[in-house]
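S.K.: Please put together the full structure from these sequences, using the hints given.
In the working numbering, the protein residues as written are 1 to 228.
Don't take each hint at face value.
Stated by the list, open to error - Label-pair restraints from in silico Cβ distances:
1. R69 - F228: 16 to 22 Å
2. A126 - F37: 57 to 63 Å
3. G66 - S189: 26 to 32 Å
Hints listed in this document are in silico derivations from the structure and should not be mistaken for laboratory results. The model shown is predicted, which means the values in this text are computed figures rather than measured ones. Ideal placement from N, C-alpha and C gives every residue a C-beta, glycine not left out.
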Amino acid sequence: MVVSSPSQARARRPRPGEELVVRPGHRSQTAQALVEFALIAPVLLLLIGATVDMGRGLLLYSLLSGASRDMARQAALPYYSGSNTLPPDCTALATPCSLNPLVNSAHLLDALGVQVVYQDSSSISAAPAAYGTYAAGAAGQPGTITLAGGTTANTVYVFIYEIDSSGGPTPRWSCPSCAAANGVYVRTSGHQLVVVDLKLKWQPVLAHLFGLPAAITFDSQSVERMEF
Numbered sequence: 001m002v003v004s005s006p007s008q009a010r011a012r013r014p015r016p017g018e019e020l021v022v023r024p025g026h027r028s029q030t031a032q033a034l035v036e037f038a039l040i041a042p043v044l045l046l047l048i049g050a051t052v053d054m055g056r057g058l059l060l061y062s063l064l065s066g067a068s069r070d071m072a073r074q075a076a077l078p079y080y081s082g083s084n085t086l087p088p089d090c091t092a093l094a095t096p097c098s099l100n101p102l103v104n105s106a107h108l109l110d111a112l113g114v115q116v117v118y119q120d121s122s123s124i125s126a127a128p129a130a131y132g133t134y135a136a137g138a139a140g141q142p143g144t145i146t147l148a149g150g151t152t153a154n155t156v157y158v159f160i161y162e163i164d165s166s167g168g169p170t171p172r173w174s175c176p177s178c179a180a181a182n183g184v185y186v187r188t189s190g191h192q193l194v195v196v197d198l199k200l201k202w203q204p205v206l207a208h209l210f211g212l213p214a215a216i217t218f219d220s221q222s223v224e225r226m227e228f
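M.R.: Structure below.
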C-alpha cells in the first residue's frame with residue numbers, strides 16, 4: 001500500500017502547456033450575491049413602497065365614499081334639519097347632544113392619519129371661501145367644487161349644501177350669520193336635494209419621503225332627497 005505524503009496530497013502544479021483553471025471559492029460567490037442584491041434592493045424597496053401606497057390610497061377612497069353616503073343619508077332625515085356640522089339643539093362641537101354631528105362619518109379616516117376640516121359658510125349662496133370655489137351645474141343638479149390653493153395634504157374637506165328649487169338661493173349653504181330672510185341653515189323643508197361632497201387631498205408616503213409636493217385629490221359626492 002502506498003501512502004501519500006502531505007506534500008503529495010497537495011494540488012499538483014500544472015505541467016508546461018497545461019492551462020490553470022481557477023474555480024471561485026465560497027467567499028467570492030457571497031460577495032457577488034451581495035453586490036447583485038445591492039443593485040436591485042432600491043428597485044425592490046420602491047416596488048414595495050408603491051404597493052403599500054396604492055393599497056392605502058384604495059382604503060382611503062373606500063372610507064371616503066362610505067362616509068359621504070352615510071352623511072347624505074343622515075342629512076336627509078327630518079331630525080337633522082340643522083347646520084351642516086351640528087345636529088339640532090347643539091351649540092358647539094364639544095357640547096353633548098342627543099344626536100351625533102353629521103361629520104362623525106368623515107372622522108372614520110382619523111385612524112389613518114387624516115385630518116377632517118369643515119366650517120359654515122359666510123354666505124348662504126357661496127361655499128366656504130377658505131376651502132374652495134363652487135361652480136354651478138345644470139338646473140337642479142349638483143355643481144363642482146375646486147379646492148383652494150391654500151388647502152393642505154392628508155386632509156378631508158367637508159362641503160354640505162342643498163339644491164333649493166323653491167325660489168331661494170341655490171345652492172343653499174349653512175350660514176348661521178346670514179340674514180334670517182334666507183334662513184340660517186341648509187336642509188329646509190320642501191323635499192330638496194341635499195349634497196355631501198367630501199374631498200381628500202392625499203399625498204402618498206413615497207412622495208413625502210422624496211420631498212415631492214405631488215398630491216392626489218379624491219372626491220366623493222353623494223346626493224339624497226330630504227324626507228321633509
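S.K.: Are the hints correct? Go through all of them and say.
M.R.: Structure-based check of all given hints:
At roughly 20 Å, the beta carbons of R69 and F228 sit within the given window of 16 to 22 Å. Between A126 and F37 the C-beta distance comes to about 58 Å, which sits within the given range of 57 to 63 Å. One distance hint, 26 to 32 Å for the beta-carbon pair G66 and S189, holds here, with the actual separation near 28 Å.
Checked against the numbered hints given earlier, the structure satisfies every one of them.
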